[in-house]
Amino acid sequence: MEVLYFAWVRERIGLPRETVETGAATVRELVEELRAREDRYEAAFADLSALRVALDQELRDFDAPLEGVREVAFFPPMTGG
Amino acid sequence: MEVLYFAWVRERIGLPRETVETGAATVRELVEELRAREDRYEAAFADLSALRVALDQELRDFDAPLEGVREVAFFPPMTGG
Amino acid sequence: MRVVVQQEPFDFGAEAEAFARGQTGMGAVVTFTGVVRDLDTGGLEAMEIEHYPGMTQKAIAGVAEKARDRWSLGDVLVIHRYGRLAPGERIMMVATAAPHRKDAFEAAEYLMDYLKSRAPFWKKEITAEGADWVAAKDEDEAALDRW
Amino acid sequence: MRVVVQQEPFDFGAEAEAFARGQTGMGAVVTFTGVVRDLDTGGLEAMEIEHYPGMTQKAIAGVAEKARDRWSLGDVLVIHRYGRLAPGERIMMVATAAPHRKDAFEAAEYLMDYLKSRAPFWKKEITAEGADWVAAKDEDEAALDRW
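Chains as they are written, first to last, in the UniProt record's numbering: chain B, 1 to 81; chain E, 1 to 81; chain V, 1 to 147; chain H, 1 to 147.
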């Protein structure tokens, strides 16, 4: 599964994307796996209310299932326009 | 006093402006004087709710006093924009 | 504030560009352009717009001043044509600039609502069957209630 | 519907003119342009805009489709830049056309409200002191409630 990071999530984790092998059933489980890895992930995912997630380029919530998903993206609330 | 007519008021009365000698104290009194003149004025002023009036180029109502006023304009509701 | 009342066509793109370029410290620019639209039943040959020369400029400037009192605005531009216009021609435009988008949008809508019903213009529709003055719409008068 | 996501500047006046000219049967054209504004405290050197290439176009097109379902619209145009922009540069524009002004205004505001909070762009402000990601504003999230 491809995992992408944008804005300060990318900066805290220190890379824009990576391939992750996971058996996580939901986004929330994937986040727990990533947080357990290293401090930089812990720092990025410390407050889920400050994050948004997209599955295959559609906004979803953290309880969404990962089955069949190829691309997960984590980022802060958008500030376009 | 200069009296101006616009749009269908101008068309019904048949002229765009005229000088009127009047002792009318209010717009409403002036309208009554004009209506009494000829049928074309009666036709133009038959329904005051369909008319608007400006005194010296400011929108006013039909009870406004005419003292000191140099220019009175009668017209239908505006349709700009 | 610039208020232009003229018979000639105006160059919408150039006016919009010049207006936007002239702003400093403004994050938002909104423009509105009104276009002569064919009748729902078709057959419009021309739109004739009559106005009250002595009052028009003054009335529009008054509305623009009120908008500037009410919202935090940069510049305001209003251009309105009169005379005979063909379908597809642009009748008028407004432009507003503000630090934030909400102010720019609201001021532009306010200007439009007031220009519709309070600036001394009258439209006449010319078809093969004849000419008809456009009646003021209740909804245009009602639109003023929200301000 | 045209959705453009690009690094290069766009020509606001030319885009607005071409958009308005392309409409038939539309009485109203509204444009919104967003401009990089200096900080209230001054000192902004640049704005850096990051986006999510795979998602951006899709997210904007989705919002534009919803606008077209909801209002009686002609065409819709959205242009949004990314990369490094100097103060005074134009970040983005939307344009809407509709038979009547209310629809054109509402659709443009709807597009802006959704682009602000639902299209995957992130802004970073660069000053002499460093760089800061712009925080999303509660008022921008709240703006979605009215739709």
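Check before you lean on any hint, since a few could be wrong.
Unchecked claim - One side of the interface only, derived from the structure: several residues of chain H facing chain B at Cβ under 10 Å:
#1 I49
#2 E50
#3 G62
#4 G88
#5 E89
#6 M92
#7 W122
#8 K124
#9 I126
#10 G130
#11 W133
Don't read these hints as lab results, they were simulated from the structure. Backbone N, C-alpha and C fix where the C-beta goes; we use that ideal spot for every residue, glycine too.
**Request:** Go through the hint on E89 of chain H and say holds or violated, using the shortest Cβ distance to chain B against 10 Å.
**Result:** violated (14 Å)
**Request:** For the hint on G130 of chain H, just tell me whether its beta-carbon gets within less than 10 Å of chain B.
**Result:** violated (12 Å)
**Agreement of hint W133 of chain H with chain B interface, Cβ distance less than 10 Å** = Holds, about 5 Å.
**Item:** chain B contact restraint for G88 of chain H - C-beta distance below 10 Å
**Value:** Because about 17 Å separates G88 of chain H from the closest Cβ in chain B, which is outside the 10 Å limit, the hint is violated.
**Item:** Hinted contact M92 of chain H with chain B - closest CB pair below 10 Å
**Value:** holds (6 Å)
**Asked** Close enough to count: is the Cβ of G62 of chain H nearer than 10 Å to one in chain B?
**Response** holds (9 Å)
**Asked** Any CB of chain B closer than 10 Å to the CB of W122 of chain H?
**Response** holds (4 Å)
**Prompt:** Does the nearest C-beta of chain B fall within a distance shorter than 10 Å of the C-beta of I126 of chain H?
**Reply:** violated (14 Å)
**Request:** Return the status of the interface hint for E50 of chain H: holds when the least beta-carbon distance to chain B is below 10 Å, violated otherwise.
**Result:** It holds, given that the least Cβ distance between E50 of chain H and chain B is near 6 Å, below 10 Å.
**Message:** For the restraint on I49 of chain H, tell me whether the closest CB of chain B is nearer than 10 Å.
**Reply:** holds (8 Å)
**Prompt:** Regarding the hint that K124 of chain H lies at the interface with chain B, is the smallest CB-CB distance below 10 Å?
**Reply:** holds (8 Å)
When the structure is compared with the earlier hints, violations turn up for hints 4, 5, 9 and 10 and for no others.
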